[in-house]
Amino acid sequence: MARTLGTILTAMLIWTAVETRCEQHSDPKPIAVITEMISNADAGTIIRVPAGVYEGNLVVRKPVVLDGSDGAVLDGLGRGTVIEVLADGVVIRHCTVRNSGLDVTGEPAAIRVIAADVVIESNNISESLFGIDLRESPNAIIRSNKIECIDLEPGRRGDGIRLWWSHGCLVEGNVVHNSRDMVFWYSEDLRIRGNTVMGSRYGLHFMYSHGSVLEQNDLLNNSVGVYLMYSNGITLRENRMSNNRGASGYGIGLKDCDDITITGNALLANRVGVYIDNSPSSVGSKGLFESNLIAFNEIGLLATPNTHDNVFTNNAFIENEEPAATHGRGRLVNNTFAREGVGNYWSDYAGFDLDGNGIGDVVYEPQSLFGAMLANEPNLRLFVHSPAQRAIEFTSRALPELRPQSTLVDPSPLASPPEIRLDMAAKGRQVGSMLMLAVSMLAIAAGVIVYTIVEPRLGAAPRGDRS
Amino acid sequence: MSSAQLQSHPIPIGMPTAPSFVGGIARFARREFRDALASKWFILYTMAFTVLAVGVSFLSLSGVGSHGFAGFGRTAAGLLNLIMLVVPLMALTAGAGSIAGERERGTLLYMLSQPVSRSQVLLGKYFGLAVALICSLCIGFGISAGVLAWRAGGAGVFDFLMLIGLTALLAIAMLSVGFLISVVSRRTSVATGVALFVWLTLVFVSDLGLMASSVIFKLHVQEIFGLASINPLQCFKMAVIVSMNASLDVLGPVGAYASQTLGSALPWVLVSTLIAWTIAPLGVAIFLFTRRGTV
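Those sequence lines, one after another, are chains A and B. Residue numbering for the first sequence is 0 to 466, as defined by numbering that gives the first Met the number 0. Residue numbering for the second sequence is 0 to 294, as defined by numbering that gives the first Met the number 0.
Derived from the structure by calculation, the hints contain no laboratory data. Some hints could be false.
[Stated by the list, open to error] Among chain A residues calculated to face chain B with C-beta under 8 Å, some are:
no., residue
1, Gly193
2, Thr195
3, Val383
4, Ala387
5, Glu392
6, Leu434
7, Leu436
8, Leu441
9, Ile448
10, Val449
[To be verified] Derived coverage of chain B by chain A (criterion: at least 3 residues anywhere in the stretch with Cβ under 8 Å from a Cβ of chain A; other residues may be distant):
no., region
11, 30-43
12, 78-91
13, 123-137
14, 193-206
15, 222-235
16, 251-264
We treat Cβ as the ideally placed atom computed from N, Cα and C, and that holds for glycine.
The task is simple: from the sequences and hints, build the whole structure.
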């Protein structure tokens, strides 16, 4: 009851806010103006919607191009879905769409599509529960939209982009903030490319969606970067998952997925870089992890003990708090950590490469006593980054009988990290501020020292303080 | 006590009138700072800290600098370990040597004959050493900030600033403990020994003991957090991690518990624990120093 009341109040508040704003801008028109334009136009015409705010819920039943580049704003007034596309081949571009309903049961969206070959391009979506929702809409193109969902608690939010039974779609260059998931259900042969998802629950979430390619997506500050579930034959290429640290906090999570290829991705500073739960699940299928950069995560690779038939080659595991761990008891021995004599780079590898062929001469077997203790007693994680942790690791190195069993064996570890190139805009190097800090720190020290040495000569002597 | 030795310690002698409370403290602080600059321990600690900090900065950036991802975060993890080892050692031994050293050399009696109160002498010495320690840290951090700017760009300046601030707080807290040790010890050797023992306890023994007891007695997360946050070093570590990640989830269930229950109050709780570690031992030291008749 209180929740309904809350929702109504919020809706009323938003409505009042919108009304006030519209009064300032004057002339909000009813959405029927656009409906009339569409019904007067022939199929395939480009309708340039004049600038202005259009209030209400629009249903498009004719294949037209709706172009809002003159500054059209479609406002749902907090009720239901703002634009509903029911005709094949509709194009909606450069529109600002806002204020869908909030009630989760009706799943109101800014743009809902139930038609084939639709193009949704360069729209600006805000204050909506769901962003773009495609149902049984094959071969759609969703490109360069900016979607900002209402910032509710993650479980109550809507999905930024959702595809349901929509095969062969292209989702490209969208920017999504504060959504629940960007989710793909029962949709095959998708191309998901160059999207940015921030502050959401799952960046990209696949359920029963086979044969898709995900490339150059940027997933940061979400609860989980990419979670693939029950989806086979997916390729993840050159994506970046950084700082995904929610309750599960995986860069990439795999659950019961066959024939996954994961190459050239960067998994940085997540709670867990890669999490594998029983993937691949079918007999005869394989998972391939090649040339990924897995760095600065709490755990680089975490896998359930039943995980098998994954191949890891030419990956760089750099400075993860734990390079690899088993989720539960057991070892990851049913997976292969080298292919054709090429293993992975492990930054904690203590071996050597005497013959200089780039492959370490001793196998890599991580044996961290503290890591083994953490597996049994997760509470002890409080003591990471402390000298006590170092003391324990030192003890286990000094006393071999304390050494735990290694979680994995890499027979041919790389002596130096492989060059992993990401075609993404590198962050600007703002050297200036850090340099300034360096100079100011040194200046403070020097200043105080010089002052104390010089000061008595200046001030004290005339007062006769010194004998 | 030869006159030559007196000359080497320019004590504000021959004061025409008793200075104000703050003025008296300031005179002793300046003298203490000048003495520190001339002493071997200051130079040695500064050099050691600088070399180690720069080394850690270099090592943590090697191998990943080319990817452009290396920022301050990784360096911080390395620096954190180093700071927790070296800074308490510096501060505790410096503090332990202060009063006990003067007492052993006989200069303490001379200082107390000045027209100043005992608490002024103690506070003056304390502030002088605190400034010396912070200067020493500034030099070390300044040079490693230069290394970071050169190798990794300017990412994380604010984090680095927070680290410096918290390290300074840790240093003065440990200096307070050192002063308390110094006030109650008759000889420098005893004071230094006790300081080393305290250092060992704070750095290793308490953590290892808490680890063992949390495993043996199956302590709850809130008990582990409560016990761990008594230790100023753990407080310092948690405060640094909170300042960089806004949450303690890095530290597993215990950290998540602390973040959830204390929320935005968490950094303040940690910082005030450190401040309590600064004020309480110093207060006790002043109390004992002013009460004790012996010199």
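Practice prompt. Quick one: which hint numbers does this structure break? Sort them smallest to largest.
Written response: 1, 2, 5, 10
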